[in-house]
Amino acid sequence: MRQDKSFEFARTLLSIAISLALAFAIIALSSKEPLAALRYFIIGPLDSASHIGNIIEMAIPLVFTGLYYSILFKSNLFNLGAEGLFFSSGLLSGMLGATTYMPPGLHPFVLILAGGLLGALLGLIPCAINYKWGASTLVVSLMMNSILYGICMFLLNNKFRDVSSYTIVTEPFQATAKLARIIPGTRVHAGAIIAIACCVFLYLFLNRTKWGYELRMLGSNKHFAEYSGMGVASIMFLAHAISGALAGIGGSVEVLGMYSKFQWTSLPGYGLDGALIALLAKSNPAVVPFAALFIAYIRNGADMMARLSDVPAEMVALVQAAIILLISSQALLKGLRERSLLSKLKGENANA
Amino acid sequence: MEPLLEARNISKVYPNGMAANRSVNFSLQKGEIHALAGENGAGKSTLMKILFGMEKPSEGELRLNGAPFSPSSPQDAISKGLGMVHQHFMLVPSFTIAQNVILGAAPRKGLSVDWKKAAQETADLSAKYNFSLDPNKRVEDLSVGMKQKVEIIKALYRGAKILILDEPTAVLTPQETAELFSQLFKLRESGITIVFISHKLKEVKAICNRITILRGGRNMGVFQVSDVSEQEISRLMVGRDVALKYDKDNIPPGDAILEINRLFLKNEDGKTKVSNVSLSVPGGRILGIAGVDGNGQNELARAVMGEIPIASGEIRICGKPATGKLQGVRQLETGYIPEDRMKQGTAGDASISDNLISIRLKSPEVCSKGILRKKKISALSESLVGLYRILCSSADQKVSMLSGGNMQKVVVARECSTSPKLLVADQPTRGVDVGSAELIHHKLLELRKNGTAILLVSADLNEVMELSDHLAIMFNGQISAYFEDPSQVSEEELGLYMLGLKKQEGIS
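Keeping their order, the protein sequence lines are chains C and D.
Position 249 of the first sequence, counting from 1, maps to 249 under the working numbering, and the rest follow consecutively.
Position 388 of the second sequence, counting from 1, maps to 388 under the working numbering, and the rest follow consecutively.
The hints are simulated quantities; they were obtained by calculation from the structure and are not laboratory data.
Fair warning: there could be bad hints in the mix.
Unchecked claim - EDC-like, lysine to aspartate or glutamate: derived pairs with alpha carbons at most 16 Å apart:
#1 C:K222 with D:E307
#2 D:K202 with D:E491
#3 D:K398 with C:E8
#4 C:K222 with D:D340
#5 C:K282 with D:D349
In isolation and in its complexed conformation, chain C is listed as follows (with noise of 0.2 Å):
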């Protein structure tokens, strides 16, 4: 058992070991200065404070939607709503966060609440849509992604622009409103800490109370849950409405957070990333901090090297694309594997 799970933590290093491989070898090929580009690419994000910060802010967004899809994974359901929650959520808190008065600290907070009720409401209806008509929730989600962005679009144009100025935008956020700093020197702020508290809460969901072992145990055999007499389709509406809450918490922590007015005019982009965090964390709330720290580094380290030497930042990709190929592929170091388990084998015939 706990060789299984070093074998398979060997297995997602050797994986993004690999990956870097090929981006050292694409760095060297492509550019004139390579040691340069690639002391940009992997020392870069580190070299200072205010480097690291932006390797944390950046992690903070992507650890809630690589959440969002870790209770998803873990209950063996799939969709790619987060992108359109999140950016709905971010809205709401961004225009409650313009237009109402409270108390600071208490203000934020009532805000992240909102977003992440209105997150687990549109969570909800991907699900109820299956369950009522059978509609794939794949299919559901990706379509409300553009719906919610176009709905939001045109609230923001129509009812909460800040008509004093030249950008769509929202009326500037009342400094009660704003997430706290928590690191001098950079911008990481209290989202860092909400963050970690979503992952402990979720893990000791997942594995100390009763409905977190319901879900897991719909993940494994939906049959099994079923014959055991739990009410699966309450289960899947429990582990929609929980992701949905986390994709909208994510979308009001990072603008709460990051901004001062609610300006995006597109869809940011996280929802995508969180299936990925969540497929090298393995669908652990345990590690999803972790895998996002990574992503967020070497984002960066992309981003420095583009801006500083002659390799462009799409070479990132390119390595993002190489983990989870090789991170998917089962068969990586079977072989190894086979060969580790016959030589204990011989092993144990020789005590035997």
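Dock chain D against the given chain C, drawing on the hints supplied.
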């Protein structure tokens, strides 16, 4: 004499760490019927899959006619003269027999298939071995025994010289088994070599020349069947003597727990699967339901558990009408050992411990206010693992790593340990080794002693005869016979009722 097919030092480890074969040697002489016996998880299927090109050995070599042989796929193995009849038939139900036989190896006439030749060749093969199959009949209209013959013909059509039969008698009535045996002798006479995989030692004694016994992935020896007794074989298979008789405690029956009144069930297509069945099981009694697979027994069990809707009639559990929903029936203190442990009975990639608590979430010992009580759960799991002798490294091990017998013990442990009022056991020992089966039988008898009413559905005649207080036989959705005391009937007579050749008067 040089062996026809030989496997030397075969080892196979699966990526999940399970060692299915450990340096196994196996050899086949031309023209013999060779039994391969062993408990579940002993590595029989794995060895055969390796011979048939479905798995690659981790170590060791195969030789066919003295030359190295490494089949890369079943197609490859078939082209070298191997044929395999799986436990679960691989036939297209809506095709005719001839179409199934030639599928993938069709005789051609120009661009199209030569149907006439196909039918002729199928008929010839069938006649040659006394199979009496009509090539133009659809497979969906055939009995299980006939389907099996189609599978055998299919292998012969592809030129099989070595025929591997994976537990061929598991689904057959005594009569069909006898027929199969006479055909196997005929095949042997015409030079076909047969590997006969079976748990049933009587059958092995009856038709096999030699026997190879596997245990825990190791070869325990190769014998001339005439030189070893059933007891010896059984001892080598399980490592101890197995009692084939059980003592039932003599307790008075309790109140009627399960009552079924004029029950009719239909499948999704509206076809009647169970008609006019009335049965009743009191506490402390086991009602056995025997019959050839597919005669409504499984539907009956599932209907009692609320898995399929009732068309008409009534099912009462402890006097309360069953709700027709599994969730509801579960709340009436019922236990349920489902027919398929992989599909329903377990969650494969969850731990043994997780699998053991799935029906106990309402118990305060396991879960209070929604929070799982980890310590109590692990204590409970450890004790069940011990009581039911589940072979594992710890209760945190994944269920999918267990062998079939141990997996079934997990299911039985979960369902029996809640001391249910009613237990529905659907094929509780199907595909389970002798040792595990014995343990499961003892647990069922223990429940009986404590007043549980048990509905036992089984295709294993020995099992139902030995365990049941009362026995009903189902044929074509109806009860064809009911015996207050099954010990008074012979297996042969039961076979007649199972095949619908006889029906008791005054029943339903």
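Hint check results:
| no. | hint | in the structure |
| --- | --- | --- |
| 1 | C:K222 with D:E307 | holds, 14 Å |
| 2 | D:K202 with D:E491 | holds, 14 Å |
| 3 | D:K398 with C:E8 | holds, 15 Å |
| 4 | C:K222 with D:D340 | holds, 14 Å |
| 5 | C:K282 with D:D349 | holds, 14 Å |
Checked against the numbered hints given earlier, the structure satisfies every one of them.
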